[in-house]
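2 protein chains.
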Amino acid sequence: MNLKPLKALSAAVLLLGIFSGSAFAAEKTGMQTQKPIVIQEQGAFSAGGSVITTPGTFDPTKIADPKGQTLHGDHASVFYQIPAKARKYPLVFLHGAGQSARTWQTTPDGREGFQNIFLRRNYSVYLIDQPRRGQAGRSTVAGTISATTDDQMWFDMFRLGEWPNFFSGVQFPKDDESLNQYFRQMTPNTAAYDSDVVSNALTAALDKIGPSILVTHSQGGGPGWLTAMKSKNVKAVVAYEPGSQFVFPEGEVPEDMPSGTGTLKGYPVPLKDFMQLTKMPIIVYYGDNIPTEISDNPGQDNWRVRLKMARIWADTINRHGGDATLVHLPEVGIYGNTHFMFSDLNNVQIADLLSKWLKDKGLD
Amino acid sequence: MNLKPLKALSAAVLLLGIFSGSAFAAEKTGMQTQKPIVIQEQGAFSAGGSVITTPGTFDPTKIADPKGQTLHGDHASVFYQIPAKARKYPLVFLHGAGQSARTWQTTPDGREGFQNIFLRRNYSVYLIDQPRRGQAGRSTVAGTISATTDDQMWFDMFRLGEWPNFFSGVQFPKDDESLNQYFRQMTPNTAAYDSDVVSNALTAALDKIGPSILVTHSQGGGPGWLTAMKSKNVKAVVAYEPGSQFVFPEGEVPEDMPSGTGTLKGYPVPLKDFMQLTKMPIIVYYGDNIPTEISDNPGQDNWRVRLKMARIWADTINRHGGDATLVHLPEVGIYGNTHFMFSDLNNVQIADLLSKWLKDKGLD
Numbered sequence: 001m002n003l004k005p006l007k008a009l010s011a012a013v014l015l016l017g018i019f020s021g022s023a024f025a026a027e028k029t030g031m032q033t034q035k036p037i038v039i040q041e042q043g044a045f046s047a048g049g050s051v052i053t054t055p056g057t058f059d060p061t062k063i064a065d066p067k068g069q070t071l072h073g074d075h076a077s078v079f080y081q082i083p084a085k086a087r088k089y090p091l092v093f094l095h096g097a098g099q100s101a102r103t104w105q106t107t108p109d110g111r112e113g114f115q116n117i118f119l120r121r122n123y124s125v126y127l128i129d130q131p132r133r134g135q136a137g138r139s140t141v142a143g144t145i146s147a148t149t150d151d152q153m154w155f156d157m158f159r160l161g162e163w164p165n166f167f168s169g170v171q172f173p174k175d176d177e178s179l180n181q182y183f184r185q186m187t188p189n190t191a192a193y194d195s196d197v198v199s200n201a202l203t204a205a206l207d208k209i210g211p212s213i214l215v216t217h218s219q220g221g222g223p224g225w226l227t228a229m230k231s232k233n234v235k236a237v238v239a240y241e242p243g244s245q246f247v248f249p250e251g252e253v254p255e256d257m258p259s260g261t262g263t264l265k266g267y268p269v270p271l272k273d274f275m276q277l278t279k280m281p282i283i284v285y286y287g288d289n290i291p292t293e294i295s296d297n298p299g300q301d302n303w304r305v306r307l308k309m310a311r312i313w314a315d316t317i318n319r320h321g322g323d324a325t326l327v328h329l330p331e332v333g334i335y336g337n338t339h340f341m342f343s344d345l346n347n348v349q350i351a352d353l354l355s356k357w358l359k360d361k362g363l364d
Numbered sequence: 001m002n003l004k005p006l007k008a009l010s011a012a013v014l015l016l017g018i019f020s021g022s023a024f025a026a027e028k029t030g031m032q033t034q035k036p037i038v039i040q041e042q043g044a045f046s047a048g049g050s051v052i053t054t055p056g057t058f059d060p061t062k063i064a065d066p067k068g069q070t071l072h073g074d075h076a077s078v079f080y081q082i083p084a085k086a087r088k089y090p091l092v093f094l095h096g097a098g099q100s101a102r103t104w105q106t107t108p109d110g111r112e113g114f115q116n117i118f119l120r121r122n123y124s125v126y127l128i129d130q131p132r133r134g135q136a137g138r139s140t141v142a143g144t145i146s147a148t149t150d151d152q153m154w155f156d157m158f159r160l161g162e163w164p165n166f167f168s169g170v171q172f173p174k175d176d177e178s179l180n181q182y183f184r185q186m187t188p189n190t191a192a193y194d195s196d197v198v199s200n201a202l203t204a205a206l207d208k209i210g211p212s213i214l215v216t217h218s219q220g221g222g223p224g225w226l227t228a229m230k231s232k233n234v235k236a237v238v239a240y241e242p243g244s245q246f247v248f249p250e251g252e253v254p255e256d257m258p259s260g261t262g263t264l265k266g267y268p269v270p271l272k273d274f275m276q277l278t279k280m281p282i283i284v285y286y287g288d289n290i291p292t293e294i295s296d297n298p299g300q301d302n303w304r305v306r307l308k309m310a311r312i313w314a315d316t317i318n319r320h321g322g323d324a325t326l327v328h329l330p331e332v333g334i335y336g337n338t339h340f341m342f343s344d345l346n347n348v349q350i351a352d353l354l355s356k357w358l359k360d361k362g363l364d
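In order, the protein sequence lines correspond to chains C and W. For the record, in the first sequence the residue sitting at position 348 is 348 according to my numbering, with numbers rising by one throughout. For the record, in the second sequence the residue sitting at position 73 is 73 according to my numbering, with numbers rising by one throughout.
If you're looking for bench data, these hints aren't it; they were derived computationally from the structure. Hints should not be assumed to be uniformly reliable.
Quick list of the computed label-pair ranges, beta carbon to beta carbon [as the list claims (entries may be wrong)]:
| hint | chain 1 | residue 1 | chain 2 | residue 2 | range |
| --- | --- | --- | --- | --- | --- |
| 1 | W | Lys35 | C | Pro268 | 45 to 53 Å |
| 2 | C | Ala192 | W | Pro211 | 41 to 49 Å |
| 3 | C | Asn165 | W | Thr53 | 14 to 22 Å |
It should be emphasised that the depicted structure is a prediction, and the values quoted were computed from it without experimental measurement. For every residue, glycine included, the Cβ atom is placed at its ideal position computed from N, Cα and C.
Bound-form chain C, shown alone (with noise of 0.2 Å):
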């Protein structure tokens, strides 16, 4: 697959977009410059889940009573575009933290995000809300959101720079309306975040889905090792910024990790589970900006911590005789990228560096 023409249309897309002045503006203008998408079908549905019911009779003259009646929740809602002429291998996408199936799409500044970008690149796509956030809000157990401000600790913690500044060269647009629609599309718990809810909750939507490749972004990677132990649907990992729940064989587990946001451990689970991790392609990604010593910066100080378990985690996976890989991009001559590096501003230059490795796999 040439993918310069795309590269090409990519620059003219963000040349577009600076000159506009409105992420939306840039978006409208930029994709009129694109060949349509041609879907073959498209919907949603849910996935998984429980039911729980509260003893009793309903009484149809009290329908508030809850006596007698069930909850359906707990399970993940899926947005999904098939292109025609698809490739064999859906991709699967599971979001991170605060986040939802809005990750994948249009980027803060208005260009296409990795939904439009891989649609045109013949993949199915399927965007996941896991359960109890986004549009699968509906749980089994009870929550409470506060309105917390941290808007600022995000900016740190996604490594856009230190409140205020950016790091200099960072992959994100620097405008004030591009900021806005990176603090809008966050989107929080409804109940307590489980793992396991959310990887039974994948495992079955892949019952649906079959075989795909599983794309997870940061706290989405441990459900995502959880839901490759579990499911035979799961054909390859990529994993951007995985960032906890580094699952290791028994006995195998490194040592904990101290630091600025609290110490990390890795996530025991029986040999014969692990070993399912060694019978796929896997790849991890990290972007730039993570220090090697100690940072009395918390937000950046905490994937110091992460990529060091990710490459004994890689190490680890390899030494059992899986395939592995991790790239830190600045090793491979790529800066500026945050722990968003599918929507920053080089997100083209990101989605070929997985095309390339689909291919090189024989995924595609």
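For chain C, the structure is supplied; the task is to place chain W on it using the hints.
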């Protein structure tokens, strides 16, 4: 526009669905008989909302401390698709209580919803998640979400029947998986419902979208009227079973209407604002199984007064020189429709009604 081929195709899709045995399979099978959808552009953005700030100074070494930090919330989240050769006015869809953009997507039994149906009819579609719902869950006020069992309440309220019995001839599929999908398309408020917050965000969305036809459902009806009074971009309103917040000129509010779910009150607004609603065509639809006499089933009884007030409301619009049409489907020979007529078994017929009205009003 000759809709007969579409109707025939819909019947074929239904038959395929019945024999396939699963909602998802029905969809996969059904849709392959349809032509691809050609999308000129698609994407997502947030619109409107507000920002709160905690007093103090942000300390980058204590990122979890809310001092000096902001929170962006109370925006709408919008997913849109613009087909090739789009008609002049987009359809902007606002869901009802406990729902999200999912309302307009695939039906519970896996057929195409209004999103796809109207894309195929060359309308651009904009699907809203209103502030504090779905992918627009981040709010500037805190919220609590109970896990109260209430599926049976909604079964009755949404007029599928009187649990566990479906109404005779109801336009809803009677298999378990369809009901499972139907319950799971619900998603809760992440903070208190506020029709001003919703209509402000919707007005901001329309500032970006431009002149549009607003399509609301149920609870969305209220903020729909508020938006039509605030925004110059509402060219018409289509309201499916608006359930509350019927606006009347101050001094012309009808008497309160007690019902099994409480007392329905008219919503007074200044005459000057109300007159905005007389400047655009409006159509309101209600389905079947709405009692005319007091019912001891509150799920049914509440629709008795809502339909009654809607009739007075439409008459008030027209008395002031407007163009409001109320269609009670059984009165035009269409039977069995629930509160979700746009995803009922006969939703293509319901879409045909809308297409015809849009054509009659010169809006297509």
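Hints breached by this structure: none
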